[in-house]
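Throughout the sequence shown, residue numbering follows this note's numbering, covering 1 to 167 in sequence.
In case anyone wonders, no lab produced these hints; they're calculated from the structure.
Possibly wrong hints are sitting among the right ones.
[Stated by the list, open to error] What follows is a list of derived Cβ distance ranges for each label pair:
| # | residue 1 | residue 2 | range |
| --- | --- | --- | --- |
| 1 | H126 | D7 | 23 to 31 Å |
| 2 | A55 | L110 | 20 to 28 Å |
| 3 | K98 | A67 | 19 to 27 Å |
The structure displayed is predicted, hence computed values, not measured ones.
Don't be surprised by glycine CBs; every beta carbon is placed ideally from N, CA and C.
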Amino acid sequence: MTAAKRDLTVQDVADVVALATESADPRQVYRAAERLAAETIGWRLFTVLRYVEPAQAVERLYSSDEAAYPVGGRKPLSKIATPHGAMEHGEAFLAATKDEVRRAFFDHELIFSLGITAILNVPIRHAARRLGTINLCGEEGMYGPAEIVRGRVLAGLLAPTLLMARD
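With the sequences and hints as input, model every part of the structure.
So this is what it looks like as structure tokens:
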């Protein structure tokens with residue numbers, strides 16, 4: 001789902017915060033984040049992953065395409081390419097081209113089959129602890145500095161919900 005991008009507003013932030021503080025269903029919060037990401041960043045695939053420390057893995061909590069990337073799917077951190085600083089150091093990771101996606105993701109053939117040629121992974125952190133990532137997958141040229149900033153705001157809004165999802 002790609003859409004014309006617009007700026008994030010204070011009202012956008014307030015709406016997600018209100019939902020995160022009032023909803024007992026984390027999927028409602030993830031859906032709100034998905035809609036906001038579509039309007040302000042753009043994506044073909046939107047997922048939310050949480051870090052599972054005992055297993056040294058990430059687990060998918062939300063997916064805009066459950067047929068290709070189902071909720072509950074896990075990936076060992078050892079399968080994630082090393083330039084990804086998103087989980088370890090709190091840095092956003094951008095694979096801006098098809099070649100960068102190919103080098104960074106072992107499942108690049110599935111990714112390409114969905115029309116995805118660029119990926120932005122943004123860490124979700126709290127108190128210097130890694131909680132997870134939001135993953136925005138789109139087309140070459142979709143993501144740059146402005147989208148990274150918007151992604152960081154959106155990721156920060158999801159921190160309370162991910163804290164509740166921890167083992």
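Each hint, compared with the structure:
no. : hint                     : in the structure
1   : H126 <-> D7: 23 to 31 Å  : 25 Å, holds
2   : A55 <-> L110: 20 to 28 Å : 22 Å, holds
3   : K98 <-> A67: 19 to 27 Å  : 22 Å, holds
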